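Just so you know, the sequences run in chain order A and B.
For the first sequence, the numbering used here gives the first residue as 16, with consecutive numbering after it.
For the second sequence, the numbering used here gives the first residue as 504, with consecutive numbering after it.
By construction, these hints were calculated from the structure, which means they are not laboratory data.
Fair warning: there could be bad hints in the mix.
[What the hints assert, rightly or not] Once the Cα atoms are required to be at most 25 Å apart in a straight line, the calculated BS3-like pairs of lysine-lysine come out as: (1) A:LYS72 / A:LYS85; (2) A:LYS29 / A:LYS86; (3) B:LYS545 / A:LYS24; (4) A:LYS24 / B:LYS504; (5) A:LYS85 / A:LYS29; (6) A:LYS72 / A:LYS86.
[Said to hold, decoys possible] Only part of the chain B face toward chain A is listed, based on derived beta-carbon distances under 7 Å: (7) PRO543; (8) GLY546; (9) LEU552; (10) GLY607.
[Unchecked claim] If you want a taste of the chain B side facing chain A, the calculated C-beta under 7 Å gives, among others: (11) LEU547; (12) SER549; (13) PHE606.
The structure displayed is predicted, hence computed values, not measured ones.
Built from N, CA and C at the ideal position, the CB exists for glycine as well.
Each chain, letter by letter, is given below.
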Amino acid sequence: NAGVTQTPKFRVLKTGQSMTLLCAQDMNHEYMYWYRQDPGMGLRLIHYSVGEGTTAKGEVPDGYNVSRLKKQNFLLGLESAAPSQTSVYFCASSPAGGLHRAGELFFGEGSRLTVL
Amino acid sequence: KQEVTQIPAALSVPEGENLVLNCSFTDSAIYNLQWFRQDPGKGLTSLLLIQSSQREQTSGRLNASLDKSSGRSTLYIAASQPGDSATYLCAAPGYSSASKIIFGSGTRLSIRP
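Start from the sequences and build out the full structure, keeping to the hints where you can.
Structural data, given as structure tokens:
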């Protein structure tokens, strides 16, 4: 099984450029997440989705947009990249364990983004 | 707002020692708590998931406990090995939504041969 796959794995952007990170999961999970990880700051939640067609803001949503048009895919977009968005981005998915219960998180390998 | 804290930020111990990593959270009304391992430059691997109805979970040399009333979880590693060197993170759902999972900043563990 592929699990959670992120593309691209590496990307260099110039300030003001736009891009989209794709996360795909083949486990039929309801919940999907985008996190960013910066040195010394752990993982911070950007946006998440509890099902197809739904999205919600996390801890640091500004400057990012997301879409969940298909259950298996969760896209993270940067409309106008800034150097502060240089980071490693992780996607994760989770089965819904019950009524509004989040189950075990499964992570992708990460996407390293540099904004010059 | 859920806040998750891990102390210490870094820990170095000689091989063979038993050790405890700490995780504290501000909202005790959590559904579960997870521990992860992250190797440098890699993604996160789930180690243990403790549901709110459980007090502990064990996997091999790892044991995680959960005390909701005190807002604390501990990860116990027995007979540490150099291969255990990694960053360990805990994560818990947020207050307003059980699906909004918040991470601590991690403990960077180094096991000296």
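Going through the hints against the structure:
no. : hint               : result
1   : A:LYS72 / A:LYS85  : holds (18 Å)
2   : A:LYS29 / A:LYS86  : violated (31 Å)
3   : B:LYS545 / A:LYS24 : holds (11 Å)
4   : A:LYS24 / B:LYS504 : violated (32 Å)
5   : A:LYS85 / A:LYS29  : violated (30 Å)
6   : A:LYS72 / A:LYS86  : holds (18 Å)
7   : PRO543             : violated (11 Å)
8   : GLY546             : holds (5 Å)
9   : LEU552             : holds (5 Å)
10  : GLY607             : holds (6 Å)
11  : LEU547             : holds (4 Å)
12  : SER549             : holds (6 Å)
13  : PHE606             : holds (4 Å)
In terms of the numbered hints stated before, the structure departs from hints 2, 4, 5 and 7, listed from lowest to highest.
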